[in-house]
Amino acid sequence: MSAGGTGSGDLSTGDLTTGGMRAAWAASPSELLMKAAAKAASRRRSTVRRRLTLIAGLVMLAIAIVAVLLAPVLVSASPTTIDALHPLASPLTAGHLLGTDQFGRDVLARILYGGRIDLAIAFGATSVTLVGGTIIGLVAGYLGGRVDAILMRLVDLFFAFPFLVLIIAIVAMLGPSIFNMFIAIWITSWVSYARIMRAQTVVAKKQQYVLAARALGYGPVRVMFRHILPNVASAVIIFSMVDAVGNIILAASLGFLGLGAQPPAPEWGTMISDGQNYLLSSWWLATLPGLAVVFVGVAFSLIGDGLTDLLRAGER
Amino acid sequence: MSRFGSFPRRLVHVVIVLFGITLVTFFLLRLIPGDPALAILGSSYTHTRAVAIDSTLGLNRPIWSQYGLFMGRLFHGNLGFSFFYNQAATTVIGNHIAPTIFLIIYSAVLALVISFPIGFVSGLRRGGVTDQASRVFFTLSFAMPGFWLGIILILIFSVHLHAFPISGFGGGLAGHLYSLFLPALTIALGFSTVLVRSLRAATITTLQAEFIDTARMKGVGWSQVLWRHVFRNAVLAVVAVYGVNLAYLISGTVLVENVFSLPGLGTLLVSSVSDRDYPVVQGVTLLFAVLIVAINLLTDVVQAALDPRVGQEIGE
Amino acid sequence: MTEQPLLTVTDLHCYLATRQGVVRAVDGVSLAVHEAEVLGIVGESGCGKSVTCRTIVGLMPAGIAHTSGEVIYHPRGDQSILTASPAQLRSLRGSQLAMIFQDPMTALNPVRTVGDQLLEAVTAHVRLSRSQARARALDLLSRVGIPAPARRMNDYPFQFSGGMLQRALIAIALASSPRLLLADEPTTSLDVIIQDQILSLLLELQRDTGMSMILVSHDLAVITEVCDRIVVMYAGQIVEEGTVADIITAPRHPYTRALLDALPQPSHQDADHQDAGPRGPLRSIPGSPPSLIDVPGGCRFAPRCPLAVSECLTWDTELLKTGEQDHLARCWRHQEVGRPQP
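Chains as they are written, first to last, in our numbering: chain A, 1 to 316; chain B, 1 to 316; chain C, 1 to 342.
Don't read these hints as lab results, they were simulated from the structure.
Do not rely on the hints blindly, as some may be mistaken.
What the hints assert, rightly or not - A few chain A positions that, by computed beta-carbon distances, are all more than 10 Å from chain C:
#	residue
1	Ile55
2	Ala67
3	Leu69
4	Leu70
5	Ala120
6	Val202
7	Ala215
8	Leu229
9	Ile237
10	Leu279
11	Asp309
12	Leu310
What the hints assert, rightly or not - The following label-pair restraints were derived from C-beta to C-beta distances:
#	chain 1	residue 1	chain 2	residue 2	range
13	A	Ala38	C	Asp139	49 to 57 Å
14	A	Gly132	B	Pro62	52 to 60 Å
15	C	Thr249	A	Arg214	56 to 64 Å
16	A	Ala38	B	Leu177	24 to 32 Å
17	A	Leu70	B	Ile156	44 to 52 Å
18	A	Leu52	C	Ser177	51 to 59 Å
19	A	Ala38	C	Asp78	26 to 34 Å
On a predicted model such as this, the values are computed, not experimentally measured, just so you know.
Backbone N, C-alpha and C fix where the C-beta goes; we use that ideal spot for every residue, glycine too.
So that you can see chain A by itself, here it is in the shape it has in the complex (with noise of 0.2 Å):
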């Protein structure tokens, strides 16, 4: 056992008050052989664990989407039919394992389909933007000058902008559909992609394996997409996952506002928005599509903390 002091031995930091942060004591040399080895043990469990976090962010997505897709299978009912003799069931009721809305629709049938529309935002409004941005940042910071001044002051407006409202503007301008939700993001969106990838560029193309590509005559195409971006690519994977989030919350805000989906349509939002208004009878009609966003929302959030250590630790 170690001896002394106020702090026990193997605090990671210290007492707050008191002034922590020294090292552990041992009395011979075999004993300190002994927790050293054990804690660089611990060491090495914690990094197994980060892995862990990767892992199940990957298999929550896959639930979300197999689930999804596979709503006709899972639940006999449509999303859609109105069933005027047993509005507003509450969950576990026969037939309805989530309840029933205020026109007798299915809950979870609700869900399930709804998804499908969130989760299309998802990966359609993200990855083209995610592509698109990223183009447009490796072009800016590899070719510099007036090019890459030009296309930051576009980013630099974008910014000024607060993007919800700026996405709200467009869509409407444009009139409300899902569809339109798609142009509003894309318009909006690209930016954070293109500053990340603008600003990786720019020290990317001073590494001395840029420079080797260039003596060797390799056109700028060649040399921003062949060489430049798969050693920078991580920063945009990574931010991808943060934006995917951010995504699906921005559909469901719009559906909420009665921006994008519009009714019969199920999405997330806009059955948060009516059940909000059964909120003292019903509460799961706004308690449970807010919760299949979470779900959703922190398997993107594991997946990109857990390629956020994946890809740091082959950095370092």
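Starting from the structure of chain A, add chains B and C where the hints point.
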């Protein structure tokens, strides 16, 4: 030696961005498919009014001339006429500003109060209870749509516990603080996710700095070292993050105002979208963007005040 | 030296728990520092000299570092440092033990003025009025040779040059009149001319105040200029210790010998100061130090040692007396270590 050496350059940059904002806002209206005059007037459409609008907006003129007209009106504080409210758009907007500003400040302060202690302690005692608990909590809250979190808070605190009002702005300062607590908390929690993570990382990095060792070697008490060196430097690293996300927070107010039925700019924006009140939509978007520019400027000023090295940068 | 030393380190071990395994950074180090003595610790990067110093003052991070052995500071009632409470450590630091670090730029808080940080050190152990504290601070700054001290008090670290900043750090270290100063590579990140100035300053201050010093460096030339006694470390162990004179003229460990041989030779000059002969080749030590995770048995220097025989790989040698007073070496063939080549 001037600490604000790059300040004039910053101001120029700001002016350019402001001009850019007006450009984007101007183009928003041009996104409307079909006849803008028809869209603006909606049910108030008469031929006379349509002609009047055509000439005010200069819809028959080349686009740059239209922009000139727009800017001219802008400098006179004229944002257009809201046919829905039958008032100048500026008046309508003016009536809705107060709750939004109050909410923004309230959320910003609340976010500080929540995230700084948690972030700091998480970084100090890495792997400790606070760290792990907050990490779980904030991963979940990050994936939560802000409006859904608001609804849950209403469910728990207003509906079941009757601790806070469900909606409304309240009267007097105390009334405002009371009524806006749940909305501000909703926004602050979303904001805090990033802040906690940033401050935690900044604290960990600062703790490893050599000047912390120098400070300890003076024989200064640990709590003093924590406060004067660790906290002060870690917070500095977070100022920029705070500023950027404060701008993001503004998007949050739009949703939260809708959930809690607050008579602010956010509610105005959404209702004017469904009311097809385009001048108001345009005006609110513009105002939000200007708010963000102001916040970014404020962030830079605060950063320069806290960090003597900032004024020394040559170029941006 | 017969009077009681200031600081005694006995069988110090410091192991670091890392993901790759246990790093035996310090593996059985014993040393003593006496009053008004300058002790040098010399060795390659990674030999454990910095870790030894940081362990002595208790700066090794908890959770990673594990220590055993004893570090006793005698003037304070034989205070054991490794098992001291935070309050005890705090009262020792600054007033008895002080330390300066290698890179002055990172050793100071970049967003507070140098004056502020100096005043913090000045008032750490005594209550002083504002003017008293300021006077002491100004006095310290002049003592370390910083011109216009009143003006420099209000400057930030980035406004100082490396050499000036190191002087300020020395001032901070001396603020509470410590009896033992540990200097961890204080000149390594400075250019050569400044190095000399800082070393002279340290020596001068040491003589004026009578404090003891532990100077750590990988540069043998620096060590020999300033120190009274030297300890040579390799792979976490002390391989030789003795007075400067003894070690330079008659090293008793092959590693020390190799270090001395590796010092760049000036070109030969004849009596009329004309260039007489070519410079000898730069003699470096082949190979590299062993891993501190999988520490090999036997002598740790054996793989690189010109005198090694097969027994060296299996015998764990202690520090042996070499016949000269207080001159020890961890080599059973120490008699055969010749004088360094001129």
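We went through each hint and held it up to the structure:
no. : hint                              : result
1   : Ile55                             : holds, 20 Å
2   : Ala67                             : holds, 38 Å
3   : Leu69                             : holds, 40 Å
4   : Leu70                             : holds, 42 Å
5   : Ala120                            : holds, 41 Å
6   : Val202                            : holds, 25 Å
7   : Ala215                            : holds, 33 Å
8   : Leu229                            : holds, 31 Å
9   : Ile237                            : holds, 25 Å
10  : Leu279                            : holds, 48 Å
11  : Asp309                            : holds, 13 Å
12  : Leu310                            : holds, 15 Å
13  : Ala38(A) / Asp139(C): 49 to 57 Å  : holds, 50 Å
14  : Gly132(A) / Pro62(B): 52 to 60 Å  : violated, 30 Å
15  : Thr249(C) / Arg214(A): 56 to 64 Å : holds, 57 Å
16  : Ala38(A) / Leu177(B): 24 to 32 Å  : violated, 52 Å
17  : Leu70(A) / Ile156(B): 44 to 52 Å  : violated, 34 Å
18  : Leu52(A) / Ser177(C): 51 to 59 Å  : holds, 54 Å
19  : Ala38(A) / Asp78(C): 26 to 34 Å   : holds, 31 Å
The structure does not agree with the numbered hints 14, 16, 17 stated previously, though it agrees with the rest.
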